[in-house]
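Visitor: Listed below are the residues making up each chain.
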Amino acid sequence: MYSFQTILTLLLIVTAGCAELTSPPVVKPLPAPPREQPICNLPASLHVRNWLGPEGQGSCVHASLKNHALWHNDFAFVAKWPYGDGDYATRIRERLDAFGYDYAYTERYDSRFLDWCDRNRHGAIIWWKPAHCCTFMGWVERDGRQYAAILDNNYPGKFELTEREQFVRLWAGYGGFALCFVKSPTIARPFKSYEVQ
Amino acid sequence: MERDVRIKLSLGLVTIAVMHAVLLALVFTALHFTPDSQHRDNRPLLDNLSANDTLYREPTIGAPMATPLNPIHPALEEVKHQIPCIPCTPIAPVNQPARLPLAIPAPSVTIAQPAVSPPRYQIALFVDSTTRSQALLNWWNTDPQLQSLKSKCDFQVYTPTNSLYRTRYANLVPIEQFPAVLFLRPDGGHIHAAGGNVLPATASELWKDLQASYELSRSVQSAQTQVLHSADSGLLRERGYNWDAAIQQQLPITQSPEDCLDGSCPTDNSGRLLPLFDRSTSNNQAVLWANAQEIVTFGLFAIAGLLGCMLLGVVILRRT
Numbered sequence: 132m133y134s135f136q137t138i139l140t141l142l143l144i145v146t147a148g149c150a151e152l153t154s155p156p157v158v159k160p161l162p163a164p165p166r167e168q169p170i171c172n173l174p175a176s177l178h179v180r181n182w183l184g185p186e187g188q189g190s191c192v193h194a195s196l197k198n199h200a201l202w203h204n205d206f207a208f209v210a211k212w213p214y215g216d217g218d219y220a221t222r223i224r225e226r227l228d229a230f231g232y233d234y235a236y237t238e239r240y241d242s243r244f245l246d247w248c249d250r251n252r253h254g255a256i257i258w259w260k261p262a263h264c265c266t267f268m269g270w271v272e273r274d275g276r277q278y279a280a281i282l283d284n285n286y287p288g289k290f291e292l293t294e295r296e297q298f299v300r301l302w303a304g305y306g307g308f309a310l311c312f313v314k315s316p317t318i319a320r321p322f323k324s325y326e327v328q
Numbered sequence: 015m016e017r018d019v020r021i022k023l024s025l026g027l028v029t030i031a032v033m034h035a036v037l038l039a040l041v042f043t044a045l046h047f048t049p050d051s052q053h054r055d056n057r058p059l060l061d062n063l064s065a066n067d068t069l070y071r072e073p074t075i076g077a078p079m080a081t082p083l084n085p086i087h088p089a090l091e092e093v094k095h096q097i098p099c100i101p102c103t104p105i106a107p108v109n110q111p112a113r114l115p116l117a118i119p120a121p122s123v124t125i126a127q128p129a130v131s132p133p134r135y136q137i138a139l140f141v142d143s144t145t146r147s148q149a150l151l152n153w154w155n156t157d158p159q160l161q162s163l164k165s166k167c168d169f170q171v172y173t174p175t176n177s178l179y180r181t182r183y184a185n186l187v188p189i190e191q192f193p194a195v196l197f198l199r200p201d202g203g204h205i206h207a208a209g210g211n212v213l214p215a216t217a218s219e220l221w222k223d224l225q226a227s228y229e230l231s232r233s234v235q236s237a238q239t240q241v242l243h244s245a246d247s248g249l250l251r252e253r254g255y256n257w258d259a260a261i262q263q264q265l266p267i268t269q270s271p272e273d274c275l276d277g278s279c280p281t282d283n284s285g286r287l288l289p290l291f292d293r294s295t296s297n298n299q300a301v302l303w304a305n306a307q308e309i310v311t312f313g314l315f316a317i318a319g320l321l322g323c324m325l326l327g328v329v330i331l332r333r334t
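Chains as they are written, first to last, in the numbering used here: chain A, 132 to 328; chain B, 15 to 334.
FYI, nobody ran anything at the bench for these hints, they're computed from the structure.
Keep in mind that a hint or two might mislead.
Said to hold, decoys possible - Calculated cross-link-like contacts (lysine-lysine; reagent style PhoX-like; alpha-carbon spacing at most 20 Å):
| hint | chain 1 | residue 1 | chain 2 | residue 2 |
| --- | --- | --- | --- | --- |
| 1 | A | Lys314 | B | Lys166 |
| 2 | A | Lys314 | A | Lys211 |
| 3 | B | Lys222 | B | Lys164 |
| 4 | B | Lys166 | B | Lys222 |
| 5 | A | Lys314 | B | Lys164 |
What the hints assert, rightly or not - Away from chain A, derived, C-beta distances all over 12 Å, residues of chain B:
| hint | residue |
| --- | --- |
| 6 | Ser147 |
| 7 | Ala149 |
| 8 | Gln161 |
| 9 | Gly210 |
| 10 | Ala217 |
| 11 | Ser218 |
| 12 | Lys222 |
To be verified - Listed below are several chain B residues computed to face chain A (Cβ distance under 7 Å; list not exhaustive):
| hint | residue |
| --- | --- |
| 13 | Ile30 |
| 14 | Pro133 |
| 15 | Ser177 |
| 16 | Leu178 |
| 17 | Leu186 |
| 18 | Leu198 |
| 19 | Gly202 |
| 20 | His204 |
| 21 | Val234 |
| 22 | Leu321 |
| 23 | Leu325 |
No residue lacks a Cβ here, since even glycine has one placed at the ideal position from N, Cα and C.
Work out the full structure: start from the sequences and follow the hints.
Guide: So this is what it looks like as structure tokens:
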């Protein structure tokens, strides 16, 4: 029979030559496309147009809220929000409180609030143009300058641009109020960020 | 007594070598982790998520009647005349003072400021009325790990009839691939994408897939540093605005632990993405972090080493 030595040698041969540890997968980053502009790029087909309420007043505040809600994929809000006609900041907040909606706002034309809204892809409703309410859709970079992109519910289907510094000054003149929902907006435009080689 | 170890080439030795090769092949076939297998099976979704995908369309700027692409509010006076407007009167409070464009109104109301928090990762489910879709939805409501991840992320659900889905995402996630899961970075960069038959059968498998994909994506983040939660607006600094002093007065930027995903805040603001899957807080406590294949290899190495030592010992003893 085989000696203990020989047996050991054979076992060593069987177990030796094991495959080396697998190397970790090689992951290659892929370039990111340009940032969507404006960041709250609500499709034109979903823009809500202003309407006359029961009291014969324009409903721009509520149209703006609905555009804002649609960007947050909140179709239930659009369907259930019962208000129309004109409105003002305090009552809007009271109504949203009653509706159980969390929000953030400023009344000091604080552009950093809009920066936050842009950075977190919320957008906001703002007092904009005389006796009017529109929806801030984010900042747009053009030729090295920054512009506010505004969705005016009187002109759905397009975004109007105003250079940032002028925008802030004018916004102050219109009251400087802005409000945004604190809830998840719709997801950003997905892109393939890496591949495994 | 014979002292030398001699190995003769024999039929038995050849048989042993063939068995060795076959066993190795069987072991690796059963346990081999193909890092890209899940991604290969996800190809239909990932193929749509090309880096240069043109889902985004340049919005139509300016009036539809071919006016120039310029800001349309050069001055307040012109605004009043330019915009024919449906009467849409925000009813002003009685005591609201008249304001000039450049006047600084006295702050007379308490202003709620949003907590300065970093943009969040995103999870999107694409579901229909099938049983698998309902099961997928249920996982995110019942599985503790998925629930925890969901609470840290922006979370959205899309159905085939959702208008946002039809206008923004339908070409990326076709209905044929429902149910589907997208796990995205705050900028939309994909971390994980799975749909159709590639979707795992259990919540825990989905969790592991998400975790594995997250680790893969983190390995490339050093090449894609983004300032995601810096409070620096850039533009304000260019104007010489004292950002820090103003921020301390008006916006609390010190992060409380609740603002941070894993309960601990980074000490710098370099913009690194915060960890979502922290091994120290996971339920998987282990001395050695290795997959099954690596463990088998370790074991075989240990056995081979032990046998080698035994053989060497025998040879030495025989010689002495």
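Visitor: Hint by hint, note whether the structure agrees.
Guide: Verification of the supplied hints:
no.	hint	in the structure
1	A:Lys314 to B:Lys166	holds, 12 Å
2	A:Lys314 to A:Lys211	holds, 17 Å
3	B:Lys222 to B:Lys164	holds, 15 Å
4	B:Lys166 to B:Lys222	holds, 17 Å
5	A:Lys314 to B:Lys164	holds, 13 Å
6	Ser147	holds, 17 Å
7	Ala149	holds, 22 Å
8	Gln161	holds, 15 Å
9	Gly210	holds, 16 Å
10	Ala217	holds, 21 Å
11	Ser218	holds, 22 Å
12	Lys222	holds, 15 Å
13	Ile30	holds, 6 Å
14	Pro133	holds, 5 Å
15	Ser177	holds, 6 Å
16	Leu178	holds, 5 Å
17	Leu186	holds, 6 Å
18	Leu198	holds, 6 Å
19	Gly202	holds, 3 Å
20	His204	holds, 5 Å
21	Val234	holds, 4 Å
22	Leu321	holds, 5 Å
23	Leu325	holds, 4 Å
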